[in-house]
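Q: Letter by letter, the chains look like this.
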Amino acid sequence: MTWGISMDINVAVKPGIRIRAFYLFFIIANIQNGTGIMGVPRYIYKEAKQDSWVSILIAGLFIHIVVFVMFQILNKYENTDIFGIQVDLFGNWVGKILGTIFITYVFGSLLTVLINYIQVVQVFIFPTLSRWMITILLLLIVTYAVLGGLRVAVGVAFIFFILSIWLVIFLYKPMTLTDFGHFKPLLEASPKELLLGAKATSYSFLGLEILFFIYPFIDNKKKAQLPTQIGIATTTFIILLVTGISIGFFGGDTLEQAIWPVLILYKLIEYTLIERFDIIVVSQWMMVIIPIMILLSWMITYGVKRLYKISQKKTLFVVILLLLICGGTIKNQYTIETIIDYVAQIGFWIVIIYPLILYPLVLIKKKTNKNKEGES
Amino acid sequence: MKIVLPILCMATLLIGCVDTKQIEQLGIITSYGADLLEDDLINNTLLYTQFDPDIKEPIQLVESKSNSYEGAVDAANLKTNYKLVTGQLRLKVFGKELAKQGIVRLLTTHYRDAEEPSRLYVVVSDTTAKDVLTINTSFNLSKFLYNLIDNNRKLEILPKSDFKDFAHKYADIGIDPIQPLITIEKKKPIIERLALFQNDVFVGSLTTEETFLFKLVMENFKAVTQEITIPKQPFEEFIKKHEDKRDAENLHVILSELRSGQKITLEDTKNLKYNVDIKIDANLLEISEQVVIEDEKVLNKMEEQISKKINKKLEEMLDKLKELNVDTIGFGRIYNQETKHKELTEQKWRELYPTIDVTFNVDVNILRHGVFD
Chain A
1 MTWGISMDIN
11 VAVKPGIRIR
21 AFYLFFIIAN
31 IQNGTGIMGV
41 PRYIYKEAKQ
51 DSWVSILIAG
61 LFIHIVVFVM
71 FQILNKYENT
81 DIFGIQVDLF
91 GNWVGKILGT
101 IFITYVFGSL
111 LTVLINYIQV
121 VQVFIFPTLS
131 RWMITILLLL
141 IVTYAVLGGL
151 RVAVGVAFIF
161 FILSIWLVIF
171 LYKPMTLTDF
181 GHFKPLLEAS
191 PKELLLGAKA
201 TSYSFLGLEI
211 LFFIYPFIDN
221 KKKAQLPTQI
231 GIATTTFIIL
241 LVTGISIGFF
251 GGDTLEQAIW
261 PVLILYKLIE
271 YTLIERFDII
281 VVSQWMMVII
291 PIMILLSWMI
301 TYGVKRLYKI
311 SQKKTLFVVI
321 LLLLICGGTI
331 KNQYTIETII
341 DYVAQIGFWI
351 VIIYPLILYP
361 LVLIKKKTNK
371 NKEGES
Chain B
1 MKIVLPILCM
11 ATLLIGCVDT
21 KQIEQLGIIT
31 SYGADLLEDD
41 LINNTLLYTQ
51 FDPDIKEPIQ
61 LVESKSNSYE
71 GAVDAANLKT
81 NYKLVTGQLR
91 LKVFGKELAK
101 QGIVRLLTTH
111 YRDAEEPSRL
121 YVVVSDTTAK
131 DVLTINTSFN
141 LSKFLYNLID
151 NNRKLEILPK
161 SDFKDFAHKY
171 ADIGIDPIQP
181 LITIEKKKPI
191 IERLALFQND
201 VFVGSLTTEE
211 TFLFKLVMEN
221 FKAVTQEITI
231 PKQPFEEFIK
241 KHEDKRDAEN
251 LHVILSELRS
261 GQKITLEDTK
271 NLKYNVDIKI
281 DANLLEISEQ
291 VVIEDEKVLN
301 KMEEQISKKI
311 NKKLEEMLDK
321 LKELNVDTIG
331 FGRIYNQETK
341 HKELTEQKWR
351 ELYPTIDVTF
361 NVDVNILRHG
371 VFD
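Top to bottom, those sequences are chains A and B. All letters in the first sequence, in the order written, are residues 1 to 376 by the numbering used here. All letters in the second sequence, in the order written, are residues 1 to 373 by the numbering used here.
Be aware that one or more of the hints could be misleading.
[Unchecked claim] Which chain B residues face chain A? A few, computed with CB under 7 Å, are given here:
#, residue
1, Gly16
2, Val18
3, Arg119
The hints are simulated quantities; they were obtained by calculation from the structure and are not laboratory data. Glycine is no exception: its CB is placed at the ideal position from the N, C-alpha and C atoms.
In isolation and in its complexed conformation, chain A is listed as follows (with noise of 0.2 Å):
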């Protein structure tokens, strides 16, 4: 193995193969909107009741900050990603571990989108398929896009994006069966309930690491972060609009046992000749989840390539063949609700709070530097 080897923190990306900045904007857009928007607004009524809404402007602003903080760190240098930078900062050894337990997170997150996305399609539409069956042919897709490279990955998320960004138009008819009242009292949440219903929101925010590891790919740096937080607030802004249809449909007790409350908004939709219009949605979410499996999936075995220098190929199989087998096997409903805990627990903290911390010594290793170069 390659352990020992030192590794350059600045990638070479060669021109053929960068992309635009402009494709961030969908990158975000797709990758935070995945299958935690479906449940996310139990998990945050739970914390702020009713007040809900100013919960998820709080956690809106946060992550435009930690978004902020992510371009301040990453244009510190010429050209990284978050392995160079841990590399740099932490030494070989200590970054490089820091780095696989980051591709460890990413490998959980990607596993929740399939298994979360399997759980609903077998609840929504074919209670008798297997499991084995829709891992498969999810996963054939994704290998097979991952195996053309960044590119077109990004060009899937671009594509399924618009593709799939109608769905948001069908609220209206559930929107309109809203009561107001449910939102009142209004600002009964205590400071402490409505900051912990913005952590609540972490789990649909994640996939902002991306930032981190495509960072290298991108073309005009200087205009990356305008579309970065324009999909940062295309996601706040989703959430929003679930959320509060969703209070404002179930109110209190009924939120809070709905696993997935936007399905159900979108079950109430009814034409005469769609009755049903979540089969729909559950079939169309595939379009949501690919995109996102194959931007994982990519993270990984391009994370895997540039800490010990493993063919991409290689990476790709095997974290195929254990999400088969996860696919395949985890069937319990409680046991994947708790892995999506671990691993939106762990999120929050590597991805949204971690760049906090690093900014600082990035600072200070960048000061030092100076210094001794100004010595020497």
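Got chain A; can you put chain B on it based on the hints?
A: Relative to the frame of chain A, chain B by itself:
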């Protein structure tokens, strides 16, 4: 071409992975009725539609005994040669005796099971559910019952009362559900009253007239026709010719295109004083006597009499609701929304509710009175 062929093959073969449901083999349940048996078991009556071309009667009936709704379908499967499916269930009828013990346990599956539909009506039968669903008719009974409720709801005669509404009001503290009550008249199911629930327990009913009053307080009318009876005496001088010789005391007025708006405010949180403002705009369509409406005075008098009457009726209705201790209008919810940091409990509100003090202010405005004076 090299890629297209395998993809086509795969797509075709994949169909085999999913359960197929042939429509000829399905019995599609459209209505469900539940009655209480002596030993706490439930007697279920299921109406289902089948598409077998060889059988003349498309609507079939099957009965079963069980403890739950899904169990009922399961048990009924043993009595039919079709596979019973529930996706098109549109109506659940509950017998009076069962409804008196609570019905929510037979409805939870519509939250829990994603496969179950959520657009359905929940009604109470005045006798038993079996009586309603076994009415011998030449028409499609499930469809008849569904449209009976659906159309009357669209005509603004019935208040909001589907499953979603039931679930919503059942879940919220400080408001109780209201659902249609089916009575059998001349071997035909009709809606004569509305069933009042305390949580999910059937406790009493409202007449059609009270339903109108209830809707006045709860919802906005857009265009509805309503008959109102007012005393004749104040209009004696304006009556040209006595046409109604049958009733010497009262004047019957028909208001049409009635529009209304309401606002319920909690005036005093401590003493639980509520104010209900109701504004009615309507056209005068028909009077049982020939009252000459020459100037505004007559109209004003009429408006005054009508609001007085409605006011009185509203108070009577509220007294009835208070006596039954059902908060169908949702005063408790308003109390809960207006008071911070005091989580209202079910029990506490049941104690407080009979003590509330409600003032009704009805403002009637007659816009037009036809093309004759």
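Q: Looking back at the hints listed earlier, which ones does the structure fail to meet?
A: 1
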